[in-house]
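Given next are the chains, with one letter for each unit.
2 protein chains.
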Amino acid sequence: MKRSQSLHEAADPNFRPLVVIELVKDAKEETKEWLVKRIMDKKKDGGAQLLIKPLQENEVDQGNIYLVGASKLRLLLGAEAVGLVKEYHDGSMRTFTFSNRKDFKDFSDDHANFLTMAECQYIIKHELENLRAKDEKFIPGSQQSRLYPGKSILRRLSTSGILVQTFPLHDTENLKRLGHTWYGKVKLGYQPLDDIRCYFGETIALYFAFLEYFTFALIPMAIIGIPYYLFAWEDYDKYVVFASFNLLWSTAILEVWKRVCAGMAYRWGTLMMKREFEEPRPAFHGVLGTNPVTGREEPVYSSLKRQLRIYLVSVPFVCLCLYLSLYVMMIYFDLELWAVDFHEKHQSELSNLMLFVPSIIYAIVIEIMNRLYRYAAEFLTSWENHRLESSYQNHLILKVLVFNFLNCFASLFYIAFVLHDMKLLRQSLATLLITSQILNQFVEALLPFWLQKRHNKKLKRTMKCLKVDGELSLVEQVRLEKEMGTYLGTFDDYLELFLQFGYVSLFSCVYPLAAIFAVLNNVTEFYSDALKMCQVFKRPFAEPTASVGVWQLAFETMSVISVVTNCALIGMSPQVNSLFPDSKTDLILIVVAIEHALLAMKFIMAFVIPDYPYEIRMKLARMEFESLEALKQKQLDLREDW
Amino acid sequence: MKRSQSLHEAADPNFRPLVVIELVKDAKEETKEWLVKRIMDKKKDGGAQLLIKPLQENEVDQGNIYLVGASKLRLLLGAEAVGLVKEYHDGSMRTFTFSNRKDFKDFSDDHANFLTMAECQYIIKHELENLRAKDEKFIPGSQQSRLYPGKSILRRLSTSGILVQTFPLHDTENLKRLGHTWYGKVKLGYQPLDDIRCYFGETIALYFAFLEYFTFALIPMAIIGIPYYLFAWEDYDKYVVFASFNLLWSTAILEVWKRVCAGMAYRWGTLMMKREFEEPRPAFHGVLGTNPVTGREEPVYSSLKRQLRIYLVSVPFVCLCLYLSLYVMMIYFDLELWAVDFHEKHQSELSNLMLFVPSIIYAIVIEIMNRLYRYAAEFLTSWENHRLESSYQNHLILKVLVFNFLNCFASLFYIAFVLHDMKLLRQSLATLLITSQILNQFVEALLPFWLQKRHNKKLKRTMKCLKVDGELSLVEQVRLEKEMGTYLGTFDDYLELFLQFGYVSLFSCVYPLAAIFAVLNNVTEFYSDALKMCQVFKRPFAEPTASVGVWQLAFETMSVISVVTNCALIGMSPQVNSLFPDSKTDLILIVVAIEHALLAMKFIMAFVIPDYPYEIRMKLARMEFESLEALKQKQLDLREDW
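Order-wise, the sequence lines are chains A and B. For the first sequence, the UniProt record's numbering gives the first residue as 1, with consecutive numbering after it. For the second sequence, the UniProt record's numbering gives the first residue as 1, with consecutive numbering after it.
Looking at chain A on its own, in the form it has when it is part of the complex:
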């Protein structure tokens, strides 16, 4: 980062700005002074003991933007406080402690690169969030914003509207380097996952790792699918082979992913990182009471009230939405019928194209409904007033998944199992898949990228600094970044992959080409997502995670459902039916038996394959053994006479 332009910087070369705090324009001086003092106060006085400086945009104005940094020593102590896990000199991963710092690999006394910038920013975020009120009754300068001992100050500032945002600064040089290896050149090969992790943290790196893994895992399915399309293999035995391969393959890839993921999480140090005690989410509200776990004062909200809100409002609302979605689906089928009629009457080029129009319209409508519903689900889940972010997330994900699943796949189920029209199924599947992929790429990445570019240019023009990129002063960089969009987490990206997995696996034996389209889409997704992360959004705070969490379960559920649908499709195919000319009953019984066997096999596979690779289990066992031995030794040392 070139910081020479900043006058302030030049005065204190030790201060490296890491995080930006933006307050509202009309924040009172009293509030600002108090906040700065609290952030700079020593730990033992209840402060965060960080460095903070106002961003002086011009000589006169104090401004409402602050840059936060920390001394190197402070960052190392913070690394111990958040429980960071780093590589030890013997190659194993250990929880970092300040007293053992010299035993860690890559630690030198100037420890320039021991902590990555993302880690430093994570530590500062953690320290800022854990800056708690002592005996203040309210935020100085703002009598309405009440505080109580132990309340996180930044959360209260944020909920009372004084704090606009906190975000970590980009590291322009590193970002350029990362961008170059990541999406700079069109190449076949792996993504620089370790670099991504260093820059964006584990959550985002894991998403890209999953995207990459999933794409590679789809390639065999795509390749096997090609001859089915080319030679129009529609024989019973070939389909059965394809479907069986898919089912076992999808189970295997999900199981193997767990192991791959554990391997990465170990290497990145998040596998052994202890989860922190969860705070109530900022938007949680209630009467001030006592938390039964911590014994601290905090807002309390009756669980019964929340249950009532969930079961009397949310559940009926979701059901209504599901009904609406089915209603729209029926309209689509009417349109479809009309289009077929039209084609039969006119038999022209145009009417042939018209055949695809209802599907395309329906695909667009589905996307719109998904997005509208998403807002409603967020509002409702927020209104349910969950205490913890994790419980909020789980309820939101469940709501969104159920609706998205029905919305995207209901028409396909209807075509397959009510209309029994395999040709229409294939056509709908193709249209839905391709349309939704194109829409997603456009709405999620290209549109924001274009908007951002335009906005940047305008901003630079107003700043009258039309220099080449990367030559921006710190002040300009902050002003640019604070206007960028905020990355809202990996939810949408995983959801997209989840639906794609559904398109590929649910009806795989009808449309073997789906996997090819998925692979093609994902390859462009690499680039558009990378672009999105690096160019469109503010840098997000790193978030340590060890797995894809609830998405593992969602993907596994989808693969169970796909066993059922594929078996049913094969059982319904005319080729199979012709094998049992006399008795449909035998056919159904055989199909059901095979389905049960496949399901049983899936569960046995999931049970037998260990979640962690052997090596990592050994390393974890070694850690556990050592800590037990250390404890024993400590007990012995305490009683020397024994």
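Just so you know, the hints here were simulated from the structure itself, not pulled from any lab data. Any given hint could be a false lead.
Put simply, identical chains are the same to the list, so a pair is met inside one copy or across any two.
DSS-like, lysine-lysine: derived pairs with alpha carbons at most 27 Å apart [unchecked claim]:
| no. | residue 1 | residue 2 |
| --- | --- | --- |
| 1 | K305 | K619 |
| 2 | K274 | K86 |
| 3 | K632 | K42 |
| 4 | K32 | K482 |
| 5 | K632 | K134 |
| 6 | K151 | K634 |
| 7 | K453 | K305 |
| 8 | K634 | K102 |
| 9 | K532 | K619 |
| 10 | K274 | K176 |
| 11 | K274 | K619 |
Remember, it's a predicted structure, so these values are computed and weren't measured experimentally.
Put chain B on the given structure of chain A with help from the hints.
Using the frame of chain A, we list chain B on its own:
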């Protein structure tokens, strides 16, 4: 315990004998002296620091039996070493530490009842097993028995045949009191689980808790089953109601059991107890190598060789046994046919009775085969040379479960789904269930009890002490107890319950009376098992456990299979078939759909119901929070200047 008769005892009133070590008769003096010295050596010199005294049966002979005890202080330190969890003064459960001992409830300075006798014995067992060789190359007096640094001395003594057995002494007074409340009077009510736990430890108490819970849980099924038998309700709708109730009920009871079990395990302090690092099992053998986890020398056996043994020998052998079992089943059906023929020819009282003979013979043969197979499975699993006891147990349980399942239920599946003979199914089910229950009660409890009684009397006569029970001297008590049988763990008891659960749930809609027989059997099982534990066997060492472990999974699998069988049975019933006179296909599809819905519901229930009750989750969260806070405080204290 009256100890006045023991001369030795009188000399040292502080020595309370807890555990008996029996060596072979011809053990060398050198070995004995070395062992005694090592056991009494101080901890810092690598000893166990316990008290040990020979049991002087007469004035002249030194004897080969030793009594082990420990000072009260030593036991408290041992309690810390094994990580015992006790009740804190504020009612929560905490890991005991010697330095905080005064903060624990029931701790007084004479701490007479702070540790139960079972806990003391567990601590002594732990300390004895952890007595390790230092620089000895072999056991003194026995050049063949090699030792290496870190090898458990008692395990080597045991594998080289010098150590006959180690067992904890009974506490005759407490045992009498326990027996009185447990099985002394015929009463309706709960078992004294907490007393059982204090005397026998958690593993055995959990078995009795499970037995009790399971029996109570069967009562609703038994009660609902009665009218079906009395009024011969064979309508479609009533059966469907019964079967659906059973399916949901069995899922619910298994889920609720997890919570009940967690509640007990919390109260008993095992829920939070850390698992110890597992040692190789005594019978494990291999070339001396280095353990990758501990870095210590220990026998190493190639995993590949083990896999080969499993897949090339064990698996084919199990398959052969399964085939044999099916072969025996076919013979049974021939016999059954013959009996029916015989009855039709003769039509007498005798021939009517003869109808039941094949089933009874088959039931007995099944029991015999189960027991024979059990030995084979134990031999094979032992030959597979598993390193850990837990992995040995898992392989053994898997082998035994698969065979027992097929052996017991194959004929019923055959009758139900191949012969479609519901009358025969009902009759076979009843005969199998009742015969196996009677056999079990007899072989497992009554026979050993009778043998033991006879043996005791003979022994007492030879000892020429025909006093009333409980007036035995310590020497006589030890001599009596060392001849008693060894309780081999809860495996057989759980297996019996597992098979019973199968009889009750797999075909519940055909034979609603099964639950009643199961309840009746279990009520007598309370008494016979209690008698067995208290009178027939040596006292077993207490073993802390927090759950029924792999049996939870086994029962859940059974309940999943029972969904499939019950749905199939209902679909096959003539009443249901008459509802769909035209199309069998529709019927099957509907049944399959209902089955899938039930299975999905089971999984959702298992997922939604939390494994621990709210209260316990709160308490665990509180513990975790406190330890995190303590860690933070410690970090802060270390750096006072911060």
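Against the structure, the hints:
1. Taking the shortest alpha-carbon separations for K305 and K619, only the inter-copy value of 23 Å comes in at or below 27 Å, while the best intra-copy value is 46 Å.
2. Taking the shortest Cα distances, K274 and K86 sit within 27 Å of each other both inside one copy (13 Å) and across copies (25 Å).
3. Taking the shortest Cα distances, K632 and K42 sit within 27 Å of each other only across copies (15 Å), while inside one copy they are farther apart (36 Å).
4. Proximity of K32 to K482 under the C-alpha cut-off of 27 Å is restricted to the intra-copy arrangement: shortest distance 19 Å within a copy versus 80 Å between copies.
5. Within a single copy, K632 and K134 get their C-alpha atoms only as close as 39 Å, which misses the 27 Å cut-off; across copies the closest is 17 Å, which meets it.
6. Taking identical chains as interchangeable, the C-alpha atoms of K151 and K634 lie at most 27 Å apart only when they sit on different chains, with a minimum of 22 Å there against 37 Å within one chain.
7. Taking the shortest Cα distances, K453 and K305 never come within 27 Å of each other, neither inside one copy (47 Å) nor across copies (63 Å).
8. Taking the closest pair of Cα atoms, K634 and K102 come within 27 Å of each other both inside a single copy (22 Å) and across two copies (20 Å).
9. Within a single copy, K532 and K619 get their C-alpha atoms no closer than 37 Å, and across copies no closer than 44 Å, so neither meets the 27 Å cut-off.
10. Neither within a single protomer nor between protomers do K274 and K176 lie at most 27 Å apart by alpha-carbon distance, with minima of 33 Å and 48 Å respectively.
11. Taking identical chains as interchangeable, the C-alpha atoms of K274 and K619 lie at most 27 Å apart whether they share a chain (17 Å) or sit on different chains (18 Å).
Checked against the numbered hints given earlier, the structure breaks hints 7, 9, 10 and satisfies all the rest.
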